[in-house]
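With chain A's structure known, arrange chain B with the ligands on it following the hints.
Keeping their order, the protein sequence lines are chains A and B. Our numbering applies: residue 978 is where the first sequence begins, and numbers increase by one. Our numbering applies: residue 18 is where the second sequence begins, and numbers increase by one.
Hint data in this document are derived by calculation from the structure and do not stem from the laboratory. It is possible that part of the hints are untrue.
Derived lysine-lysine pairs resembling DSS-like cross-links, with alpha carbons at most 25 Å apart [what the hints assert, rightly or not]:
#1 Lys-62(B) x Lys-305(B)
#2 Lys-62(B) x Lys-465(B)
#3 Lys-62(B) x Lys-985(A)
#4 Lys-404(B) x Lys-1093(A)
#5 Lys-465(B) x Lys-985(A)
The structure displayed is predicted, hence computed values, not measured ones.
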Amino acid sequence: MAAVAAVKPYEFEAADRLENFHGNQLLYIGWDQHLMFCAPFCFPLPPAMPFRAFVEQVLPGAFGYHPEFKQIDWSKAEWLASGQPFKPDWDKSLTDNGLAHKAVLRLRTPGLTGIKGSAT
Amino acid sequence: MDMPVAKKKLGLKERYALMTRGLDWQTTYQPMDKVFPFAKYEGIKIHDWDKWEDPFRLTMDAYWKYQAEKEKKLYAIIDAFAQNNGHLGVTDARYVNTLKLFLNGISPLEYMAHRGFAHVGRAFPGVGTRVACLMQSLDEIRHSQTQIHSMSNYNKYYNGMHSFPKMLQRVWYMSVPRSFFDDAVTAGPFEFMIAVGFSFEYVLTNLLFVPFVSGAAYNGDMGAMTFGFSAQSDEARHMTLGLEVIKFVLEQDPDNLPIVQRWIDKWTWRGYRVLTLVAMMMDYMLPKRVMSWKEAWEVYFEQNGGALFKDLARYGIRPPKWLDQIEFDKDHISHQAWSTLYQYGGASNFHTWMPSDEEMDWLSAKYPNTFDKFYRPRFEHWRDEQKKGNRFYNMTLPMLCQTCQIPMIFTEPGDPTQTCYRESTHKGMKYHFCSDGCKEIFDHEPEKYKQSWLPVHQIYQGNCFNPGVDPTAEGFKPLPVVLDYYGVGFGRDNLDFEGSEDQKNFAAWRGAATTNV
Ligand SMILES: [Fe+2]
Ligand SMILES: [Fe+2]
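Looking at chain A on its own, in the form it has when it is part of the complex (with noise of 0.2 Å):
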């Protein structure tokens, strides 16, 4: 990586450090094949939640306008962490799943795709 041509020492922060969020965290989340969702969601998280109430208490607010997401068959459902197959553990922590700040899920839901098979 490249450094900034400047006049002088150019050395910020980041402007998305963990400490500016409260004691929460980023996490990222997109579902695959449904773009009804222009993106992928952003959320501040405490670090402690466990996986299961971010799929039970935060996604339903996020994706349950979608007809499909009652569909979900959520022991099927695969994961994606920045890219890489993921295998969360439900009852542990988004920590202690190794989902650090500013972490990208995608979550995929074979059989599912979108209204009209349109990945809507």
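Chain B with the ligands only, in chain A's frame:
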């Protein structure tokens, strides 16, 4: 006896030499490098500033005269438009939303361009360049002012245009155009010239102004059309400056080529991303369409831009990177952007709507390979839900791209069903991007882009509330207080066009103007 001597009239060339080049001098009390401290640090090597050519050879005195004439004509038309209730002549009140987009997102950038050109004009050691930049700086403040004056007429009657300077700083999607310009003005003077003077003013400007100005003409908006025409002769000068600067820099030293090429890659991509908003405007917001985004891209970029880059090949310049992706995406980005503004319509400062049947058919015809397959089902579903009283308002904040700051709405090159995710790790923290282009721009200058003011993250950090708001209070709801901070009146400035105050007022006023009720 004194003989009266006839004053010799100076020719254009002589006049230019005296009144521009003749104004320069070498400093002696202070070294030139201290007087022009930004001239060298970017690595661009200039050996002879006098080689700078100015084809217009415009001098300041002629400039004032010329611009004053244009102002007189323009303001006469703006006054007539106001007196004749010109706003009631537009096709349909939905059209006014394109002006909201323009006034909030573009006019303040004209002002930023004014500041940027004033700054780089000061920074260049060559006097020809300095004067050309000074004129462009003045042009840009004029553009900003004439646009604000033309559109202030609409502000008297329609919502969402009441505090555009504040909105540019605060409203989430405005961070897209704002960060583009902030990025440019915080770069060095040469990068600014390639960014704004060349990439934006030369390569992409037609894609911004033709849609808005022709859009105004097609939709009966004389006011907005006129400021477009008034700016047009300036644009010709700006394009020449943009092209001149790139040729001059490349001719001065072979070491400049790789630096300039990287800037062209970066700024074409940055500019293209900002134009996503224009793509959406062309395909969805103009009641009477001019042409599709895809058609505009083909004419103004692929054909005109193609010729330009062929011309620049003799300097060793190749076309900008990521064009294959842009070409694939021209069938998608307008639909993806409108989907975004439609669903986040509870958090924006203009109205959105679902296209009518006839409009969807137009979209199918313009986008035969993609609209029916990927986007019609989405829109029909939303329209049906809206009819059932379940209009989609997405209330969860989206993930943004660290570089362009657009929500991560774009899809993989070649796969419109898959969101494109890219990430980098810098000093132990992850950063996320919408595309290879945005990732590469970050990777080159992570120290710069890690400072991005991303609206979603800023909301979560508690920086987007007015003083006195307590986010820890019982039952705290962020949306209303964030809108307060934006200056957006919920239900008046935003939500669906259907049922809006704008819609009702326009119908009533036009009715009063055209019938005897
Ligand atoms: Fe301008
Ligand atoms: Fe991006």
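Verification of the hints:
1. Lys-62(B) x Lys-305(B): violated (49 Å)
2. Lys-62(B) x Lys-465(B): Since the Cα atoms of Lys-62(B) and Lys-465(B) sit roughly 24 Å apart, the hinted pair holds (cutoff 25 Å).
3. Lys-62(B) x Lys-985(A): This hinted pair holds, its Cα atoms lying about 19 Å apart.
4. Lys-404(B) x Lys-1093(A): The hint holds at about 19 Å.
5. Lys-465(B) x Lys-985(A): holds (14 Å)
Violated hints amount to a single one, hint 1; each of the other numbered hints is respected by the structure.
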